[in-house]
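The numbering used here numbers the first residue of the first sequence as 2 and each following residue consecutively.
To be clear, the hints were calculated from the coordinates, so they are not data collected in a lab. Possibly wrong hints are sitting among the right ones.
As the list claims (entries may be wrong) - In silico DSS-like cross-links for lysine-lysine, where the CA-CA straight-line distance does not exceed 27 Å:
id, residue 1, residue 2
1, 330, 356
2, 31, 109
3, 109, 330
4, 109, 121
5, 46, 82
6, 132, 121
7, 132, 31
8, 208, 38
9, 605, 590
10, 605, 9
11, 175, 393
12, 109, 132
13, 362, 330
14, 46, 31
15, 82, 37
16, 38, 82
17, 9, 684
18, 684, 605
19, 208, 109
20, 391, 175
21, 31, 208
22, 590, 552
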Amino acid sequence: MSQKEMPKTYDPQATEQRLYEWWEAQGYFKPETQFKKGLADRSQKPFVISMPPPNVTGELHLGHAITASIEDLMVRYHRMKGEPTLWVPGSDHAGIATQNVVERELAKEGLTRHDLGREKFVERVWQWKEKYGSIITEQHRRLGVSCDWERERFTLDEGLSRAVRVAFVRLYEKGLIYRGTYMVNWCPRCETAISDLEVVHQEEATKLWYVRYPLVNDRWQGADDAWGSGQWAAGATEYIEVATTRPETILGDTAVAVSPNDPRYQPLVGREAILPALGRRIPIIADPSVDPEFGTGAVKVTPAHDPTDYEIGQRHGLAAINVLTDDAKMNDEAGPYIGQDRYECRRNLVADLQKEGLLVKIEDYSHSLGHCQRCDTVIEPRISTQWFVKVKPLAERAIEVVRQGRIRIVPERFTQVYYNWMENIRDWCISRQLWWGHRIPVWYCDDCGQEMAAVTDPTQCQHCGSAAIHQDEDVLDTWFSSGLWPFSTLGWPDDTPDLRYFYPTTVMETGYDILFFWVARMIMLGLECTGNIPFSTIYLHGLIRDEQGQKMSKSRGNAIDPLEVMNQYGTDALRFTLLTGSTPGNDMKLSLSRVEAHRNFANKIWNATRFVVTNLGYSFTVGWGTWDMAALTLADRWILSRHNRLIAHVTRLLEAYQFGEAGRQIYDFLWGEFCDWYIEISKLRLYGRDARQRLMVQRILVYVLERVLRLLHP
RNA sequence: GGGCGGUUAGCUCAGUUGGUCAGAGCGCCUCGCUUACACCGAGGAGGUCACAGGUUCGAGUCCUGUACCGCCCACCA
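Build the full structure now, drawing on both the sequences and the hints.
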């Protein structure tokens with residue numbers, strides 16, 4: 002080939018897609034092909050990665066790009082080493098996230114999901130999934146992922162849905178899943194319960210309202226006049242003062258609590274106060290959870306709307322009065338404020354308290370408020386009947402396997418984070434009042450009222466035989482199904498050949514931000530369902546931020562579309578940048594100037610190859626790695642030795658998960674040593690008269706270049 | 001209230017068993033259209049490796065403390 006036939010500048014677009022299609026068509030991403038070609042055999046231990054399934058909420062972002070780059074690197078490295086290699090791709094229905102996205106779409110048409118009804122709405126989400134699911138796989142192909150597309154899975158596939166049911170029923174029958182009425186985090190916008198993890202705490206400037214509750218005594222037994230008249234507490238003579246950040250919850254108070262050790266309030270314990278607005282008589286109780294130092298030292302107790310208060314209520318047998326509707330409006334327990342929005346009620350109630358002379362003062366206050374991870378609405382702690390996973394016994398085993406070293410976390414510092422979380426874990430609320438997801442496989446009998454969990458839809462009550470049964474309306478937390486991912490994608494609960502050979506998987510590679518959400522759950526559910534660890538190594542990468550260090554997100558408008566980057570600079574340039582840009586577990590800021598630099602690197606490789614190839618001549622024959630040692634020049638020996646050193650270093654680094662350093666080493670060698678020095682020096686002999694010298698240089702050039710390209714392949 | 005990470009050239013970041021570790025990319029300055037590459041080549045300026053102690057023959061690299069920045073966890077009414 003002459004130089005003229007190879008363009009001077011490397012054009013990724015002309016190569017990448019063509020090459021990828023060929024790879025895929027040849028079946029190079031499938032372990033079966035390795036067996037068929039004799040590149041590996043089934044007696045070997047396979048290298049397996051489950052790809053973290055992207056949510057079908059939208060298109061891929063840079064987080065997916067770094068995941069894909071790192072995993073593809075590992076997969077290609079192990080495949081090249083001759084290990085049977087499997088990389089299972091797929092996508093996640095992402096319950097609440099996807100439902101919200103589609104609801105937002107609907108809102109543009111002026112519709113809500115309730116306008117469509119459950120069935121039509123779910124149909125609508127499926128349409129969305131079809132569209133974005135295929136966009137995602139196309140984008141993954143653009144990233145060059147060498148996964149086995151024939152084994153692609155979706156969390157709502159039939160097989161995976163069955164896995165969800167089997168897992169649920171099994172846990173249910175062991176008493177590890179239960180239904181109960183407890184304090185949960187309620188999102189009034191999504192109108193569903195969410196787990197503790199889905200609550201995002203933010204420090205916010207609010208107020209602390211000091212309110213006094215009149216005390217019942219011989220001279221005053223309750224309200225004198227209508228609430229808001231200014232005369233409501235006219236006859237009151239004694240008060241107890243409380244401080245609150247949520248005045249509207251006063252309406253749900255069923256006690257006032259003080260510290261048992263607080264001398265100021267000892268005389269009041271056992272007496273009663275009159276609840277403002279509603280005139281309810283509530284007891285004054287002593288409870289050790291009250292901090293005498295805070296506020297007034299007296300706390301209003303709202304068991305239905307505050308976790309601490311709920312526990313106080315449990316200890317003292319207090320009623321829990323829910324004063325809110327699902328969308329955080331005041332319900333019919335709210336007296337004069339029925340129907341008002343929670344904040345509207347707060348304003349009005351505060352104004353009325355002032356009118357009645359019960360508002361003592363308002364202080365500025367700062368505390369952290371829970372927000373919904375998906376829609377940012379302020380969470381309302383609320384008592385509600387939900388399904389939970391009893392997680393302590395699962396967590397103990399999950400801690401154990403890491404302690405024993407059966408599962409290793411890279412970088413190691415996350416091990417401590419993992420323990421801390423696991424050791425303090427609380428039961429996992431898994432039911433969601435949503436429509437998009439795996440329906441809870443529990444049926445209730447309308448006749449005998451009993452419940453039953455079943456893998457296949459029952460037709461009658463197993464307790465009384467009645468055919469009048471109905472399924473639970475709720476769906477499961479999306480992380481329940483993704484928690485089964487490493488084995489559900491391989492066929493579990495069936496005993497398939499894939500499951501037997503490829504499970505447990507080898508590496509779980511993902512961002513550290515979902516260590517708790519996902520990784521921890523996979524370990525717990527994996528141990529419980531399969532009796533085995535789901536993977537032996539966890540590799541956690543950092544988050545990609547923009548050049549200002551901000552988290553990338555669509556709402557901030559600072560998200561960089563990986564497709565645009567690939568279109569402009571090429572997939573290799575993007576991948577190399579992502580791989581060399583950070584160390585494990587550390588965040589990285591993506592700078593386009595580095596992507597450009599690596600585009601230039603790709604071009605450098607192209608031109609080095611062009612130089613070597615076009616200088617071979619027609620009579621060239623390859624002489625792999627067999628040299629007449631005595632004839633080697635100093636330069637030859639130098640480049641060969643440097644090159645061997647490089648291979649050793651890169652291999653060691655890749656084994657140690659030091660991908661960035663490995664990439665940099667190759668970069669430095671190829672550019673700084675091979676191109677800058679060896680190619681330049683080789684020109685003397687290449688263009689000289691001595692044919693034997695020419696052949697030797699040619700052979701070394703080809704040999705070193707080819708070997709480095711292999712090193713670079715992952 | 002706990003825990004973690006960061007602080008290295010103007011900017012963005014590497015530097016994992018303490019001794020060519022003071023580096024890369026971008027930017028900047030000087031040259032250069034030499035038969036691979038101007039998405040290039042040759043050369044150059046630029047850092048008391050946050051601060052204070054300590055261990056050591058020797059410390060960005062280990063220990064202690066401090067200061068900022070960021071993140072995670074936590075039922076602070």
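Note to self: What's the verdict on residue 9 and residue 684, does the C-alpha distance respect the 27 Å limit or exceed it?
What the structure shows: Holds, because 19 Å separates the two Cα atoms, which is no more than 27 Å.
Check: If you draw a straight line from the CA of residue 38 to the CA of residue 82, is it 27 Å or shorter?
Finding: Roughly 14 Å between the alpha carbons, so the hint for residue 38 and residue 82 holds.
Item checked: 27 Å limit on alpha-carbon distance, applied to hinted pair residue 330 and residue 356 -> It holds: about 23 Å lies between the C-alpha atoms, which stays within 27 Å.
Next item on the list: Verify the proposed pairing of residue 82 with residue 37, using a straight-line Cα cut of 27 Å.
Entry: With Cα atoms ~16 Å apart, residue 82 and residue 37 stay inside 27 Å; holds.
Next item on the list: Mind checking the alpha carbons of residue 31 and residue 208 for me, to see if they're no more than 27 Å apart?
Entry: With a Cα-Cα distance of about 61 Å, the restraint between residue 31 and residue 208 is violated, given a limit of 27 Å.
Notebook entry, point to check: Given the proposed pairing of residue 684 with residue 605, does the C-alpha separation stay at or below 27 Å?
Noted result: Roughly 17 Å separates the two Cα atoms, so the pair holds.
Notebook entry, point to check: Hey, residue 109 versus residue 132, does the alpha-carbon distance stay inside 27 Å?
Noted result: With a Cα-Cα distance of about 18 Å, the restraint between residue 109 and residue 132 holds, given a limit of 27 Å.
Item checked: Pairwise hint evaluation, residue 330 against residue 362, where the allowed Cα distance is 27 Å at most -> holds (26 Å)
Checklist line | 27 Å Cα cutoff - pair residue 605, residue 590 | finding: holds (25 Å)
Check: Does residue 132 pair with residue 121 here, judged by a C-alpha cut-off of 27 Å?
Finding: holds (17 Å)
Notebook entry, point to check: Under the criterion that the straight-line Cα-Cα distance not exceed 27 Å, is the pair residue 109, residue 121 satisfied?
Noted result: holds (17 Å)
Note to self: Check the hint pairing residue 175 with residue 393 against an upper bound of 27 Å on the C-alpha distance.
What the structure shows: holds (13 Å)
Of the hints listed earlier, those the structure fails to meet are numbers 2, 8, 19, 21, in rising order.
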